[in-house]
Amino acid sequence: MSEIMEDGVSRRSVLKGSIAGAGALATTGILGAGTATEAHAAGKKVSVGSNQSDPAAKKNDAAWVAAAKKAGFDVKLNTVDHNTFQNQISSYLQGTPDDVFTWFAGYRMQFFASKKLATPIDDVWAKIGSQFTAGYKNASKGLDGKYYFVPTTWYPWAIMYRKSVFAAAGVDPKTIVTWADFLNACKTFKAKGITPIALGDKGGWEAMGTFDFINFRTNGFKFHMDLTAGRVKWTDPRVQKTFNNWKTMFPYQNTDTLDLDWNAAAQLVLQKTAAMQVMGAFHASIYTDPADLADLALFPFPEIEKANGREAVEAPIDGYMLSKGATKNAANAKGLAGFIGSTGYADAVLKVAPTALFANSKMPKPENAFARQQVELVQSCKYIAQFFDRDSRPDFASPIFSNAIQKFLGGGDSVAIAADLQKQWDALPSA
Amino acid sequence: MSTNTSTAVAETPQRRRRRGNSFTAKDRAVIGGLVGFPTALHILLVWIPAILTITLSFCEWDGIGGIADIKWVGFRNYTQIFTLYADFGPALRNNILWLLALALVATPLGVILAYFIDKELKGTKFYQTAFYLPMVLSLAVTGIVWDYIFRNNGFVNAMLGADHPGHTISWFGDPHKNIWVVLGIASWRHIGYIMLLYLAGLKSVDPSLREAAAIDGAKEFATFRKVIFPSLRPVNVIIIVVTVIESLRAFDLVYVINRGKNGLQVLAVAVYENILGESARIGWGAALATILFVLCIGPIMLYLYQTFKADK
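Residue numbers (numbering that gives the first Met the number 0), protein chains in the order written: chain A, 0 to 430; chain B, 0 to 311.
Worth double-checking, as some hints may not be accurate.
Said to hold, decoys possible - To give an idea of the chain A side of the interface with chain B (calculated C-beta under 8 Å), a few residues:
#: 1; residue: I88
#: 2; residue: G203
#: 3; residue: D225
#: 4; residue: A290
#: 5; residue: P393
#: 6; residue: D394
#: 7; residue: S397
#: 8; residue: P398
#: 9; residue: Q423
To be verified - In silico lysine to any residue, SDA-like type, Cα no more than 25 Å apart, as pairs:
#: 10; chain 1: B; residue 1: K70; chain 2: A; residue 2: A228
#: 11; chain 1: B; residue 1: K202; chain 2: B; residue 2: R248
#: 12; chain 1: A; residue 1: K323; chain 2: B; residue 2: T123
Calculated directly from the structure, the hints in this document are not laboratory data. Positions of the beta carbon are idealized from the N, C-alpha and C atoms, including for glycine.
Let the sequences and hints guide you as you build the complete structure.
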């Protein structure tokens, strides 16, 4: 699921001790413990570092580890709290990392590859390459053109809604194609006393999805990728077009966006007080009642500029990388990477997570209707973005951009915000 | 210094030297060990990291690679933080507000509470426990309790009749309001802490001092101000230091509420986000930590200097 879903308390408690002023150097190697040194049962020993700390995700890990065991791998799984894993990733990779570790496609994967903290796996891809489409192949390569990543699962972002709420208001989601259609539907809901769009941005990252969509619908996919990578300036007038288009949504959003996190906003949709949420497919995770889940559906974010259509989508890809330490255990680690890329991995996870979507193209189409909708959505798109905080620099996305978005949602002046963003981008160290 | 005290001053070193000579070699080894070991630990775990942090604050480093990858950039981090970093202004403002709120409201209230509880009024034990309770509760619990009180459909809004969707008062989400709510919560915790520290001090005040003051005809307030308060100077120093440190290292409360964003920026969160987060802007974060360090140490040194100057 999203790497930035927050459980602030747990992250805080882990790191509480190290924030007092002088902690700069104190944290290296917190995650370094636990390489595969223990003598275990027979099998090809590989250690795997996992950020899958949620109960549901843990079940997925257990399932594929068991399958890997049957395939002859003795996997030693080190699961670390999701946020901690992410925050400590660079000291983890520099310490004594596990041979294989969970990570994300996009800028973040390429960053560690270019810092020589990952092992290239072209030989693995020579074996598994035929099972992946070109989009996944490209998403798995570093800037040097070598493969560094094995994609496993993914999920798209779209507009989530309940079919019953739309039916009761007499709105057909299939007719929502253009921005005008979308705003009209919003008007209908508002007139019926339903909040048209539920948005929560307490964590600062949730609304990035909406920004991304409006930006590449307004200015095109290339502009969006150039902007997130810093090749276009934030002071470019096209950025203002994006912000202005977003403002047309404001009258239809709940007013307490900064009080709610994604989960609280999703609850509004679940409880039928709001009609839609721009969210990742993990929106479904709060639908515990199967009847509610069957009522859940999605439709693509509407078109804004005709030229850009609805040809781009956000669909972050999760997967695995090999650490630089894996060279010591290269045969086993690469063997396991091959297994992770195979349908053996996907079959095992599918058994415990029927709505999961796999990168491996040899997997059968999902049976679950909501999952099938997600596949169709992504297949209809020409361009796939990873999400702002995976496409942009981490030292920009979290500490700088998330605060700017909150300021914008709080009614801040978008011209001043954009100028501020550019100044802060310019002050970033050269990557 | 006047001349008649100077003889007394001249005498003391002699006496001290005599006493010093009576230490055996073993004594010295033991004392050296007792003093030396903690000192070495202190230097190793506090001063060396602190000096390294200050050094790093003049550098650019992404936390990857060794010393060769650290680039010296002089004061650039500082100038950029002061001129470009959008969160620095709000963070500094909030830390100063925090200091003012604790120093001018919470700490005096804690002292007053301690004073009354020391009078052994009826139900003293209950009040003492009640006031100290916030300090005992884990922050997660504190966060949940206050969230119930101030959330959009929470207690306060219900009392104000502002709990209908669309008409709620956003206590935690509005960047102009949330800092005041948080300062209230921080004060709520701080009062009990100061009360307990001060109460311990008051218990140690020699009762004969009070009696003497009473015999001299001093009123309640005058006794406190002229007799008790000055005799508690060591406790006062501790309280000032605790107040300054508590307010400048503020982190957990805002982090629990909204990760220290949107009106609740504080310097400690900025340090954390830049150093420990995935962004790993070590030099930049170290510069923020150094600014925080200077802010902490400044008022404390000033106060200690004043206090010990007056002692002489």
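Hints and how they fare:
This hint holds: A:I88 has a C-beta 6 Å from the nearest C-beta of chain B, less than the 8 Å allowed. For A:G203, the interface hint holds, since its Cβ comes within 8 Å of a Cβ in chain B; the closest pair sits about 5 Å apart. Given hint, A:D225 at the interface with chain B, is violated; its Cβ is 21 Å from that chain's nearest Cβ, farther than 8 Å. This hint is violated: A:A290 has a C-beta 25 Å from the nearest C-beta of chain B, more than the 8 Å allowed.
A least Cβ separation of about 4 Å between A:P393 and chain B falls short of the 8 Å threshold, and the interface hint therefore holds. Among the interface hints, the one on A:D394 holds; its C-beta lies about 3 Å from the nearest C-beta in chain B, closer than the 8 Å criterion. With its C-beta approaching chain B no nearer than about 6 Å, A:S397 sits inside the 8 Å limit, and its interface hint holds. The interface hint given for A:P398 holds, since its Cβ lies 4 Å from the closest Cβ of chain B, which is under the 8 Å cut-off.
Residue-level restraint check for A:Q423 holds (minimum Cβ-Cβ distance to chain B is 6 Å; threshold 8 Å). Between the alpha carbons of B:K70 and A:A228 the distance comes to roughly 23 Å, so the proposed pair stays at or under 25 Å and holds. With a C-alpha separation of about 30 Å, the suggested pair B:K202 and B:R248 falls outside the 25 Å cut-off, and the hint is violated. Our distance criterion of 25 Å between C-alpha atoms is broken by A:K323 and B:T123, whose separation comes to about 63 Å.
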